Every structure is written in C-alpha cells, then in structure tokens.
Amino acid sequence: MRKKNNSRRIKSGLLIILLLLSLSGVMGGLWLKHHTYQPTAATRQALQSATVKRDQIIFPAHGQRQLTVIFYPGALVEPASYAPWAHQVAQAGYTVKIARFPLNLAILAPKQARALVPAHQAYVIGGHSLGGVMAARWAHQHHPAALKGVFFFASYPDQKGRLDHTSLPVLSLTGSRDGVLNWSRFRTAQKYLPRETTKQTITGGNHAGFGAYGPQKGDRAATISNHAQQTAIAQALLKWLATLH
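Plus 1 on top of the position in the sequence shown (first one is 1) and you've got our numbering.
In short, the hints are calculated from the structure, not lab data. This structure is a prediction, so every number in the text was calculated from the model and none was measured. Accuracy of the hints is not assured; some may be wrong.
Here are the simulated EDC-like pairs of lysine to aspartate or glutamate, each with C-alpha atoms no more than 16 Å apart in a straight line [said to hold, decoys possible]:
1) LYS240 to GLU197
2) LYS149 to ASP165
3) LYS149 to ASP220
4) LYS192 to ASP220
5) LYS200 to ASP165
6) LYS112 to ASP56
7) LYS54 to GLU79
8) LYS192 to ASP165
Distance windows between CB atoms, simulated [unchecked claim]:
9) PRO216 to ASN183: 12 to 22 Å
10) SER168 to PRO119: 13 to 23 Å
11) ALA120 to ASN183: 33 to 43 Å
12) HIS246 to PRO61: 11 to 21 Å
13) ALA146 to GLY215: 37 to 47 Å
14) GLY64 to THR244: 26 to 36 Å
15) GLY219 to HIS166: 16 to 26 Å
16) GLU197 to GLN236: 18 to 28 Å
17) SER185 to HIS63: 34 to 44 Å
18) THR52 to PRO103: 18 to 28 Å
19) SER168 to ARG45: 19 to 29 Å
20) ASP165 to PRO145: 13 to 23 Å
21) THR244 to THR202: 17 to 27 Å
22) GLY94 to GLN49: 17 to 27 Å
Each residue gets a CB set at the ideal place from its N, CA and C atoms; glycine is no exception.
Let's have the full structure, built from the sequences with the hints guiding it.
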C-alpha cells in the first residue's frame, strides 16, 4: 500500500514539475516577446519588395550580381527592422537574406545560415550586435570557398569566431554615438580580425540606428536621422561589396 502511495506521489510530483516548467517556458516566451524591439513605420515601404518566410526575409536583387548578403539581426530585434538598408542594397543588385531566429535570438540557432546559403553561389555573412558575433562563429567554423567576406554592424568576433587566421575581407561599421556596444570588448576583439579589415565609423550614428526599431535601452541619442544612418549603412556596405568582385 505504501509503495502505491509513494508511486502516486512521485507521479504527481513529476506532473507538477512538468507543468511548472511548461508554464515558465510560456511566461519566458511572453516576456521576450514583450521586450522585443519592433520595426517602425519606416520599414513598411521597404518590406513591400520582400518575401517573408518562416526562417528568413528575402529582398531579391534588382538585377543580378551573383553575390548574396546573409544577415543575422541583433538580439531581441524583429528582423523586419533592418528592411530600409536591406532594400537599398537589393536595389543595387545584391540579394539580401535576413535570418529569422527562435525568440529573435541568434544564439538559439547559430547555424541558421545553412538554410540561407545559396547553392553554388558566392555570399557574405554578417550581423548586428550579438548577430554579428554569431555570424562570425559560422564563418570561423565553416569558411567554405563560397564565403567571400564577413561584416559587422556595431559588433565584433569573439574567440570562438576569430577570423585573424583567415584572409577573408571584413567590414566593421560602428556609430560614434553607440551607447550599447561594449567598447572595451570591441577593442579587445580587434586582435581576432584579419588584416583585410575595413573599419568605418558613422558620425552621429547610434546602436539602434543600424536598424529601424526606435530607441534602445542604454543607447545614446543619435545626432543624425535614422534615414541618414540607414543610407550610410547601405552605401558603406555597397562600397565594400564592390571590392569583392
């Protein structure tokens, strides 16, 4: 009789634990959704040219230059927030694919690029903030012949994504008003970059300005408009891409 009671207690305990874990998972998901940065109205027109899929947002190239741009968004930022500069780059002839991650966290699916990499076609990969860190890890671990370069928006490679052992061209863009980027870690990470690194600072630009999702906690106010920063991003990326042909 005692054994049956113990067995019931164990089963009841396990059921309660499972229910609590399930509830905490749901609550955690709701919390993350509530704290995710949403795209501003400025992205709507740019998104009209895009195809939204479960795992990516695709901005097809206007014309064809045989080079695809794969992009990892920053943590807790809706991928559509990067539509303005992505649209400009696509209009210049490069297909842009923005990855969509579970809970908008690249760290939960760092190998997402596998689904985005075009078959038998050259590509570059990069990202914003945490997205750039994870994109660098992909490049470090795989580095296929089709990978032609890596780019960072307010980001840097960590030791797991070090690129100093490669000859890959790299673009590093920062904003002079960035209040979110850990500048100490950024400076330390310079040793993980290859010699072929192009560095550029967008004067007046901030961290949130690498997308179009409004103010970000901890950031400094930009002294240029978001439209101006989006245009500066597109121009810098296009200038760098042109050197890879």
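A quick look at each hint next to the structure:
1. LYS240 to GLU197: 15 Å, holds
2. LYS149 to ASP165: 15 Å, holds
3. LYS149 to ASP220: 32 Å, violated
4. LYS192 to ASP220: 26 Å, violated
5. LYS200 to ASP165: 15 Å, holds
6. LYS112 to ASP56: Given that 16 Å is the threshold and the Cα spacing comes to 12 Å, the pair holds.
7. LYS54 to GLU79: Judged against 16 Å, a Cα distance of about 13 Å means the pair holds.
8. LYS192 to ASP165: Holds, at about 7 Å.
9. PRO216 to ASN183: 12 to 22 Å: Holds - the Cβ-Cβ distance for PRO216 and ASN183, about 19 Å, lies within 12 to 22 Å.
10. SER168 to PRO119: 13 to 23 Å: Once the Cβ atoms are compared, 22 Å apart, the range 13 to 23 Å for PRO119 and SER168 holds.
11. ALA120 to ASN183: 33 to 43 Å: Because 37 Å falls inside the window, the suggested range holds.
12. HIS246 to PRO61: 11 to 21 Å: 19 Å, holds
13. ALA146 to GLY215: 37 to 47 Å: The hinted range 37 to 47 Å holds for ALA146 and GLY215, with Cβ atoms some 40 Å apart.
14. GLY64 to THR244: 26 to 36 Å: 19 Å, violated
15. GLY219 to HIS166: 16 to 26 Å: Since GLY219 and HIS166 have Cβ atoms about 33 Å apart, the given range 16 to 26 Å is violated.
16. GLU197 to GLN236: 18 to 28 Å: 20 Å, holds
17. SER185 to HIS63: 34 to 44 Å: 41 Å, holds
18. THR52 to PRO103: 18 to 28 Å: For PRO103 against THR52, whose Cβ atoms are near 20 Å apart, the range 18 to 28 Å holds.
19. SER168 to ARG45: 19 to 29 Å: About 40 Å separates the Cβ atoms of SER168 and ARG45, which means 19 to 29 Å is violated.
20. ASP165 to PRO145: 13 to 23 Å: For ASP165 and PRO145 the Cβ distance comes to about 19 Å; the hint holds.
21. THR244 to THR202: 17 to 27 Å: Distance hint for THR244, THR202 holds at roughly 19 Å.
22. GLY94 to GLN49: 17 to 27 Å: Once the Cβ atoms are compared, 18 Å apart, the range 17 to 27 Å for GLN49 and GLY94 holds.
Against the hints set out earlier in the document, violations occur for numbers 3, 4, 14, 15 and 19.
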